[in-house]
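Two independent chains are provided; combine them into the complex using the hints.
Respectively, the protein sequence lines represent chains V and E.
The numbers in the first sequence follow the numbering used here, run straight up by one, and end at 525.
The numbers in the second sequence follow the numbering used here, run straight up by one, and end at 422.
Honestly, the hints are just simulated from the structure, not real lab data.
This structure is a prediction, so every number in the text was calculated from the model and none was measured.
Heads up, the beta-carbon is just placed ideally off N, CA and C, and yes, glycines get one too.
Among these hints, one or two may not hold up.
[As the list claims (entries may be wrong)] Pairwise CB distance ranges (calculated): (1) V:Q361 with E:L360: 55 to 61 Å; (2) E:L298 with V:S370: 53 to 59 Å; (3) V:R515 with E:L30: 53 to 59 Å; (4) V:G333 with E:L33: 36 to 42 Å; (5) E:L388 with V:Q361: 42 to 48 Å; (6) V:D478 with E:S361: 50 to 56 Å; (7) V:G368 with E:V353: 54 to 60 Å; (8) E:A313 with V:G333: 48 to 54 Å; (9) V:Q361 with E:A399: 41 to 47 Å; (10) V:S370 with E:M398: 39 to 45 Å.
[To be verified] Mimicking DSSO-like on lysine-lysine, the simulated pairs with C-alpha atoms at most 30 Å apart in a straight line are: (11) E:K243 with E:K188; (12) V:K442 with E:K370; (13) V:K310 with E:K164; (14) E:K53 with E:K370; (15) E:K15 with V:K442; (16) V:K442 with E:K22; (17) E:K414 with V:K312; (18) E:K53 with E:K131; (19) E:K370 with E:K284.
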Amino acid sequence: MKMAIQIEKLKYSYSAHSPLVLNMPSWQVEQGERLFLQGPSGCGKSSLLNVISGILPVSQGQINVLGSSLDTLSGRQRDHFRAQHIGYVFQRFNLIPYLSALDNVRLACAFNGQRPERHAMEAQASSILLSLGIDQDHWHKTSDQLSVGQQQRVAIARAMIHQPQLLIVDEPTSSLDHQSRDAFVQLLLRQVESTNLTLLFVSHDHTLSPYFSRSQTMNEINDA
Amino acid sequence: MPKCNPIFFKLALNSLKSRKGSVLLTLLAIIVSVYVLIGVEQIRQQTKQNFNSTIAGTDLIVGARTGDINLLLYAVFHMGAATQNISWKTYQELSSLSSVNWAVPISLGDSHQGYRVTATTPDYFKYYRYAELQPLQFDAGQAFKAVYDVVLGAEVARKLDYQLGDELVLAHGLGSTSFSLHKDKPFRVSGLLKATGTPVDRSLYISLPGMEAIHIGWNNGVNSNPTAISDAQSLTPKSVTAVMLGLKQKTATFRLQRVINEYREEALLAMLPGVTLAKLWQITSVMEHSLRLIALLILLSSLLGLVAMLLASIRERQREIAVMRVMGASPWFIFSLIEIEVMLVTFVGYVLGILSLAGSFELAKNLALDQFGLHLSANLFSLEQLIYLGFIMAAAFIAGLIPAIMAYKQALGVCLD
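This is chain E alone, in the form it adopts within the complex (with noise of 0.2 Å):
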């Protein structure tokens, strides 16, 4: 059969190589396009696995009875503000149950400069994990020891440009223009965060009593009585805003969101986190489709180019399909040898696009981190990525039907004058 002999691929390779500057654009087209879909796909992937490492290793979050989202958003991602906090009593006892591992209070309310600050214990950097079980780590200093110490997340560090011994003062309440500031109570940045990628990056942590002695004297959001700590006065906190869970077995995890959320004394929700970031992602569904859709319609439109321009080239092959037909070419020679143009000018489009988004990654990679808090990794050669191929090439058989079956029937037709 012809279609084995090499002379068929320099065949289709010639004719296109004859039409170079038709072809040429034609294949721009399709990098564009196959590095806009296959771009817009890594970048959907990838964002989604950030945020699903948003938190790991916290088998359940305990706060006041409210929506698993809401409680997620305002306990991991910072987001919103909780109308209920949970008693300090209510903690010790989580803390002491037998199936529990590690638990962590964290306390919200108060901000820097836009930026939210987290008041918990030093067992916080201990059993914090994103990704794949990864745990915080310090670019400088340590954990806050004394009350009056601060950690930053790098974000926060960066964008403030704030170093080791520098003094911040935080405001009460969470605008970034709050008025109500802690001016008598200056923090002193005790440790820097490494970058995660995660809201950890935008956040400040403070200890609990830190968070007491700041509040001292203030009732309903006004500072009515400034003074100075005593130190007869208890900095243990009243109340906490959730409480972070481990436990000793996962199994026992349902057991226990089911136990907590039946308590009697306080009335408490108890989540998982990995199922709610999961909950949470699904409301970005919407955009997540629409953006492959105008993926697709580029492509579809790059390709229709690719059709158009092999339409008009079949005119001005007459002869040369009279030629092939005269020397035993069947019309399904012909039909094949359109195909192969075809598919030939999109795989080297699809390589091409693939090695310049290869390419970007790379450059891109450093600026994404600390811009986004974007972990790109060109993840290009997966078997996902075998499957897009297969779409691309079978979207661009589709197409090439058009003037496969136009030369075809010219070749059926033809006339030997």
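Looking at chain V on its own, in the form it has when it is part of the complex (with noise of 0.2 Å):
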């Protein structure tokens, strides 16, 4: 089985002098997992997504991401891997404020690869948005507009718009009722089914874990 995720004695701290906030002797997630990671704040899950996702360069230890090792790569190479190959959904504050719905979504494009590819990416937008539920009337509404559950079913759309073989999920679910979290998880889960992605789903909430394929905390896997 091919590894999407592979981490070999990750130290990681904010600066020279501060405590460690990754201290990780080894964790393989594969690909094609569905992964719910649980921890409470403060863990260090935030640092691990930021190493994973390429924004926070790695001093010490390997870490290895669908293949390529991104503690060789410059900070230009995260920034280009990143966009082509993670899709990123945050617990809130998904879109920029300023755009409409479906130009977030073609925002997510531009930072990606060729530009015929591009156009045919920003095709598949209106196609992605109504699988989602996003009807055409609220695709040139700005944040603002748009009720919580639709931010967030608009960020998977920009998350998954440049078919990401990896899809980080922190939190999405904490501003959403108990309802609207399950159908949320649901819908998500739907989107990925028939692909091969990785996904990688992190909550402090426990009982959303039966939804996903294996379940870790971050307590098992960092020992800072």
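Here it is, written out as structure tokens:
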């Protein structure tokens, strides 16, 4: 089985003198896995996601994501890598506030690949929005005119428009009520169902774990 | 690269639109500063141009030996007074020189309600040129013919409300409240000149015999023996204040200048009006520089306003920067986005500033010519303006570095929580 994420002897701290935030001897996520990662806030979750998505540079240890050694790539290469291979959904405030829903999705295309591919992607923007239940009359609204649930669904569309191989979803349900929370997770899983995409779902809410193929806690993988 | 994508501009544009209030105020500040900067610069240039076009086509001006700027001031600008005259005989010799095409004598000393009177020959109207060799033109009437004819400059006629045929009395000396009037010999207006934007507008022109006639019987500034002119008396002057010379060949100018300066009979000075005008303008350069400096400071302060506005916005844009980063935007992209916003506001401010300046110039054109004798023409679409645009944009870029670098740093250390 190919690995989507491979971490060996990873150590991370914000500066040379501050305590370690991450200390991970070894951790793997297989390709196509739907992993639920649980942990309270302040346990290094955010730092781990920043490292996996290549936003924070790694100075100690190895990290390989989708076959690329992020610890050997430059900042620019990691930005490029992220634009092409990783989709990311935040807890809240997923959308650029002054762009419409459609433009938010198209902006993700703009950071991607070559021109012809980009055009194809933009054509797909409408179909992916529709499949996530965002009607056409919402496409030209900005985030303050959309409900939180709609915003989260536009965020999934934006994260998936470039067909990433790794989708990181960070506490997406914390601002949703119980019912819409389950609906959101189901919609998300249905969206990735037929793909070989690796899903890394992070939440403090362990009641969601049954939806996923594997479940881990931060404490199990991080010694810091 | 994302930079070529039209959505990049859309992003910058929408970002600005979302902060309409503060952006509009900043834009206004930039419009005002561009307006002042370019406006001051335009007026400065046109004043200079106006100044340099005061006299043209005259190759040499000859007067009694004095400083060349002094000679220019009294002979052309009618400011100050000549200390010495040159003799009529010298004038005649100058005009008979083989290299001289024309010689026009002028005689100064009298005034009318503060406006200087120039006594000359009708040739003055034929040979005097200003700006790009434009001749003087009559709005009404013609050059003086009779002894007591007077021709008025445009401003004199307008301010004092004289018409053709009106009679006026000249004053002895130069003060506007001179008590020594040539009351016994009134002049009749025979011609009105069109406005030129030069000192000609502020002058009255009479013939040399006219000047002689009103001074008959005057000694040391006092009318000791008021009499009518007897025909027997010659009205040929004994001296004139200065002589304007036009040469057959320009190349002879410097040689003739030397000959005149070394003239043995009388101490003379010949100067080139163009060169001396430029010298005189130099004196005003301090004023010129300080005007420019003020305009630059205004531009600087408005750019700082723009920077302050963007700096304040960077904090509230933390989330937005994180979202873009996660989509794959590099810190440089965030940097460029802020710079593009700065440049967009500045460019729009520049264009609007120029347009409003062009509008104002159009409106003020007639007023400026009437009131100040200044030819305003909006020369706003020249190569020089491109240089200004380049300069302003460069200044905006440098000012924009402050918020852009801050956004860049924020993008580097962005934390996805």
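Going through the hints against the structure:
1. V:Q361 with E:L360: 55 to 61 Å: This hint holds: roughly 59 Å between Cβ atoms.
2. E:L298 with V:S370: 53 to 59 Å: Given about 57 Å between the Cβ atoms, the range holds.
3. V:R515 with E:L30: 53 to 59 Å: Holds: the Cβ-Cβ distance is about 55 Å, inside 53 to 59 Å.
4. V:G333 with E:L33: 36 to 42 Å: violated, 57 Å
5. E:L388 with V:Q361: 42 to 48 Å: Check failed, 58 Å falls outside 42 to 48 Å.
6. V:D478 with E:S361: 50 to 56 Å: holds, 55 Å
7. V:G368 with E:V353: 54 to 60 Å: Since the Cβ atoms of G368 of chain V and V353 of chain E sit about 47 Å apart, the hinted range of 54 to 60 Å is violated.
8. E:A313 with V:G333: 48 to 54 Å: holds, 51 Å
9. V:Q361 with E:A399: 41 to 47 Å: holds, 43 Å
10. V:S370 with E:M398: 39 to 45 Å: Roughly 42 Å apart at Cβ, these two residues keep to the hinted range, so it holds.
11. E:K243 with E:K188: Roughly 23 Å between the alpha carbons, so the hint for K243 of chain E and K188 of chain E holds.
12. V:K442 with E:K370: With Cα atoms ~49 Å apart, K442 of chain V and K370 of chain E exceed 30 Å; violated.
13. V:K310 with E:K164: The hint is violated at about 94 Å.
14. E:K53 with E:K370: Given that 30 Å is the threshold and the Cα spacing comes to 17 Å, the pair holds.
15. E:K15 with V:K442: Distance of about 15 Å is within 30 Å: holds.
16. V:K442 with E:K22: holds, 15 Å
17. E:K414 with V:K312: holds, 23 Å
18. E:K53 with E:K131: holds, 25 Å
19. E:K370 with E:K284: holds, 28 Å
Taken one by one, the earlier hints fail for this structure at numbers 4, 5, 7, 12, 13, listed in ascending order.
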